[in-house]
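Novice: Here are the chains, one letter per residue:
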Amino acid sequence: MIKPIQSVNDFVIKFANVNGTGSASANNLFAKAVFNMGVPVSPRNIFPSNIQGLPTWYEVRVNQDGYLGRRGGGVDIVVAMNPQSLADDVAAVLPGGYFIYDSTNPLPESLRRDDIQIIGIPFTELCRQQFSNTKQRMLFKNIAYIGALAALLDIDFEVFTQLLSKQFKGKEHLVTSNTTALELGYVYAKKTFECPIGIRMEKSDAVGDKILVDGNTASGLGCVYGGATVCGWYPITPSTSVVESYSRFCERMRIDPASGKKRFGIVQMEDELAAIGVVIGASWNGARAFTATSGPGVSLMSEFLGLAYFAEIPVVLINVQRGGPSTGMPTRTQQSDLLACAYASHGDTKHVLTFPANPKECFEFSAESFDLAERLQTPLIIMSDLELGMNDWLCDPLEWKDDSQFDRGKVLHEEQLENLKDGERFGRYLDVDDDGICYRTYPGAHPEKGAFFTRGTSRDRHALYTEEGAHYVDNMERLVKKHRTAAKLIPAPIINIDDKRHKMAVVYYGTTDNVMAESLAKLEKQGLKFNSMRLRSYPFSDEVAEFIEGHERLFVVEQNRDGQMRTLLIDELECDPSRLVSVLHYDGMAIPVEAVVGGIINNLSAEQNRKTGEAS
Amino acid sequence: MTCVPKSKFHHPQLPVNELGLTYRDYEGSMSTLCAGCGHDSVGAAVVQACFELSLPAHRVAKLSGIGCSSKAPTYFLGKSHGFNSVHGRMPSVATGANLANRELIYLGMSGDGDSASIGLGQFAHVVRRKLNMTYIVANNGAYGLTKGQPSATADRGSLMKGGKEVTDEGIDLVSLALSMGATYVARSFSGDKEELVPLIKGALSHKGFAFIDVMSPCVTFNNHQGSTKSYDYLRDHMESLISADFIPHKSEITVQSEPGEAQDIFMHDGSVMRLRAADESYDPCSRSSAFAAIEAHREKGEVLTGLLYLESGASHLHENLNTVDKALNGLGYKELCPGDEVLKELNESFR
Ligand SMILES: Cc1ncc(C[n+]2csc(CCOP(=O)(O)OP(=O)(O)O)c2C)c(N)n1
Ligand code: SF4
Ligand SMILES: [Mg+2]
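In order, the protein sequence lines correspond to chains A and B. Under this note's numbering, the first residue of the first sequence is numbered 1, with each subsequent residue one higher. Under this note's numbering, the first residue of the second sequence is numbered 1, with each subsequent residue one higher.
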C-alpha cells in the first residue's frame, strides 16, 4: 500500500464539473478561502467551447512558497462531480493522492485504484434531503463539497462564513442557505472520516498585500486609467472580458456628474475589421481608442494594421492569444500569434509588441500603451493569453501615480499652427526631430493650416500622393528609424545575472514567467545554473542584443510549436541560430514546470550523448 | 502622377459667401480622374453645396475607401482633413472618427464597388448605427480603378464593356439604406447639378445618417450602349419624383407652400427642405411610400431620383450611446483618469 501524500499548504486540487451547473462560484469560493488564509493560490479554469453540458475542470495550485505555475503531471486531490469524466478523473490522481466523489451512485468497481485514498460523500443525496427545490439541489451540491473540503483539509470554517457575508451582503437569506450547504458537507466529512487527511492547510502570511485578479479585468481597467474613450470590438474568447471589464469600470468611473452622460463610447461592431476601423478612425481624430481580440480577429485586422503602420496612426490592440491556427483551440492558451502580430499585414511592416506576464503588467502595459502608441504614432499590440486573461492570478496590488499626465505625442494644435512662422510649412511626414516621429494635426484644428490627406498610398513628406521611388524609400527608411526609437521607449527586459560566468541562459516572455523561478530552482538542484532574461517588448533593445551576445547557449522557452520568438530574435538581431535552443510547450494548457526542466535537461543530455558518441 | 496645387489667385469679382470665401476656397487639388468622369461633377456639387452653406471647410472631415470615387475627396475641400482608408471599410473609420469628435461634419465618399461589393457589410451596419454623417456613393455600376469589371450595382441584363451581359442581380443601395434605417435617403445624377446640390446641402444639414446614391458614369469603362449607367441611358431614364429645395434657417421663408403642392420639412437647425413631389400621393416621410415608388419605377426601367425619404428628429449614434456633449477627444486627464484612491478601493475588492 502506497503511503498517502502528506503536505501542508502545498498541493494541487482539481474539481471535475459539468459546464453550466453553477460550480464556478463554489470553486471560486474555495480559491478565495485559500487566499484568505494567507496562502498563495492559483486557480485555473479548464473549459470547453460550450455553454452547457460538457465537462469542465478547475485546477487549483496551493503553494506556500509562492510557486504558482502549473506543476505538470498528476494532481494530489480530485473532487469528481461529473459522472461523464470519472475514468479520466480517477486516472489524474497521483499515487498516494485523494479521490473525493459523489457516492450517491457507487463508484464502478473497474475504476477503483488501490494506490489512492477514495473518499465517497453522497452530495446529491444530502442536498436532496436538505433542499426542496431542484435548482437549489443542483447549486448547493457544489457548496456542499466545499464544506467537506473545509473539514478534510482543515480550512478555518469562519473564513468561509466571512467570504459568504461579503459576497451576499444585504441578501441574508443567501448567506444562511449557503452556510447550511457548507455545513452539510462539513458535518458529514467530520463524522465519517478522520479529519484532516494527510494534506492540510494552515494559516500563513505568505500572501501579504497581494490581490487576486484576472488579466482581462486588469487590462480593461488599464484602458480606463490610460484615458481610452473609444472602443470598437467584436466578441471572441478569450478577449471578450477585456471589453466587459472596460465597460463595467467606465460605467462606474466615467459618468459626467453634471449630465449623467458617458465619457466613453463603446460600440460592438459587425466584425473585427470594423472594430479596428473604429480604433483607427478615432485615433486619427485625436481620441484614445483600443480594441481587444484573439487570433482569428488579428487575421481579419491585418489589412488595417498595415494602413495604421504606413499612415502612422496610433492603435492599441489587446490580443488575448488562444490556440491556433484557424478556430484551433478557442478555450486553450498559447503564445502562437507572435510572428503574425510582429509582421501583421502585407508589405514591409513591423509592429510594436508588449508581453505582460501578470495582471499588474496587464494593467500597466495597457494604461501606458496609449502614451506609447500616440508617441510613436503606430499600432501597439499587447500580447496577453488565455492563461493570463481568464484566470485569477495572485499579484502585487495595482498602483497609480497621481501626478501622471497623458503623453499625447507630437501634435500641433490650433495655437502652434497659428504660430508657424512665414515660410514654415507644416508637413505631416517631416522628420523635424530626427527620431523618425513626425508631427500630426487633428481634423478641424485650424481654418487654414495643418489639413492633409491621410492615405495608405505612398506620399511625400507633405502627404502628397507620389509613387516616385525616392520618396517611397525615404519614407520607409524613416519608419525603420522610428522603429528603432520605439525600442528605447517600450518596457525593458527583466534581466537576472545570477553569475557573469554562466554560459547558459534562459529567455522567455509572458505567462512562462509563472513557472520560471520554480524551474530554475529545480535545475539548480541538479547543478545547472542559468542567467535569465524576460522579454517584455518588441522591437528588441540593445540590452537584449547584449544579453544574447553574452551567452553561449540560450534556451528560448515559449508556448508555440515553431519557436516564434526564437525566429524573431534571429531575424531581428542576426544572432547565430545554433546558440538559441527552443524549449516548447503548446498543447493548449499553460506551460508546466516539468516542460521547462525536462526540455532543458533533455537537450543538455542529448548534447552530452552526442559528444561522448563523437569521442568514442 | 503628382498633383499640382491649383493657383490660389482669386478674381476680385468672384462671389463670396457669409464667411467671405469664394467657391474656389472650397476646391481641392487638380483632379487626376478621366476627363468627363461623373465623380468630378459630384465633387463640384459638394464644393458648391459647402460654399452655399458657408461651411467652415476645416470643420468637415472627408472619409473614403478605395476607388476612383474614393480618390475624389482629394479634389474638393482642400482645407479639410481627408482620410483615404482601405477598400470597403470607410464606414468603420467614419464611425471611430465620429465617436472621437461629434462636433465635426462627416462626409463619406465611396463607390459602388467600395460600398456594395467589398464593403456591403460595413455599409449596412453604419446605416443601422445611424451615424451622424453624409454618405455619398458615386455609382457607376463598375470598378473604375481596376478597369471596368462589373460591380454589385450593375443591373441584371445590362451589358458590360466588351458586350458581356450581367447575370447577377444588381443591388439597389437606396432600398438597402431605407431598409437599414437611414433617415435621409436620396438619389440623383452627377449630370444634374440643379437637383444634386440642394440634396447635398440637405444631407450635410441633416442630423443622422444621410445617404445619397449619385449615378456617376464612368466614361472610360461603362458609358457604352447597353449599359444602364451611361450618360445617355440615365438622361433618358431619370425620373425626378421629388425635387428638393434647401432653405437655410437664416433666410426668411417667404412663400408658404400650399398643401399638395410642396411640403416643408424642418431640419434640426431650423433650415427647411421644401419638397415637391410629382406624384401627389407620394409621402416623403413614409418608408413604405418610398419603397413602393422605387419598385414601381424599377419595374418600368426608370431610375427614380430626388429626396426619397426624410425622417427628421431621429436619434443618432451619440444620442443612443448617451455620450457627453463635449467631443471625447477634448476630454483631459482629470476627466478620464480615476486616480490612485479609486485604485486602492479596487485593490481591496480584489482581495
Ligand atoms: C482589399 C482590396 N481588394 C482589391 C482592391 C483593388 N481595387 C481598387 S479600387 C477597386 C474597385 C473600386 O470600385 P468602386 O468603388 O466602384 O470605385 P470606382 O473606381 O468605380 O469609382 C478595387 C477592386 C483593393 N484596393 N483592395
Ligand atoms: S476610370 Fe471611370 S471612374 Fe475612374 S476616373 Fe476614369 S471615368 Fe472615372
Ligand atoms: Mg464604381
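To be clear, the hints were calculated from the coordinates, so they are not data collected in a lab. Mixed in with the good hints, there may be bad ones.
Pairwise CB distance ranges, derived in the manner of DEER restraints [claimed, not checked]:
| no. | chain 1 | residue 1 | chain 2 | residue 2 | range |
| --- | --- | --- | --- | --- | --- |
| 1 | A | Lys-410 | B | His-268 | 53 to 63 Å |
| 2 | A | Glu-524 | B | Ser-349 | 44 to 54 Å |
| 3 | A | Arg-461 | B | Arg-24 | 45 to 55 Å |
Listed next, the in silico DSS-like pairs over lysine-lysine satisfying Cα-Cα at most 27 Å (straight line) [stated by the list, open to error]:
| no. | chain 1 | residue 1 | chain 2 | residue 2 |
| --- | --- | --- | --- | --- |
| 4 | A | Lys-488 | A | Lys-449 |
| 5 | B | Lys-147 | A | Lys-261 |
| 6 | A | Lys-261 | B | Lys-161 |
| 7 | A | Lys-262 | B | Lys-207 |
| 8 | B | Lys-334 | B | Lys-344 |
Only part of the chain B face toward chain A is listed, based on derived beta-carbon distances under 10 Å [to be verified]:
| no. | residue |
| --- | --- |
| 9 | Ser-92 |
| 10 | Glu-239 |
| 11 | Lys-344 |
C-beta: ideal position from N, C-alpha, C; glycine also.
Novice: Which hints, by number, does the structure contradict?
Specialist: 1, 2, 3, 4, 5, 6, 10
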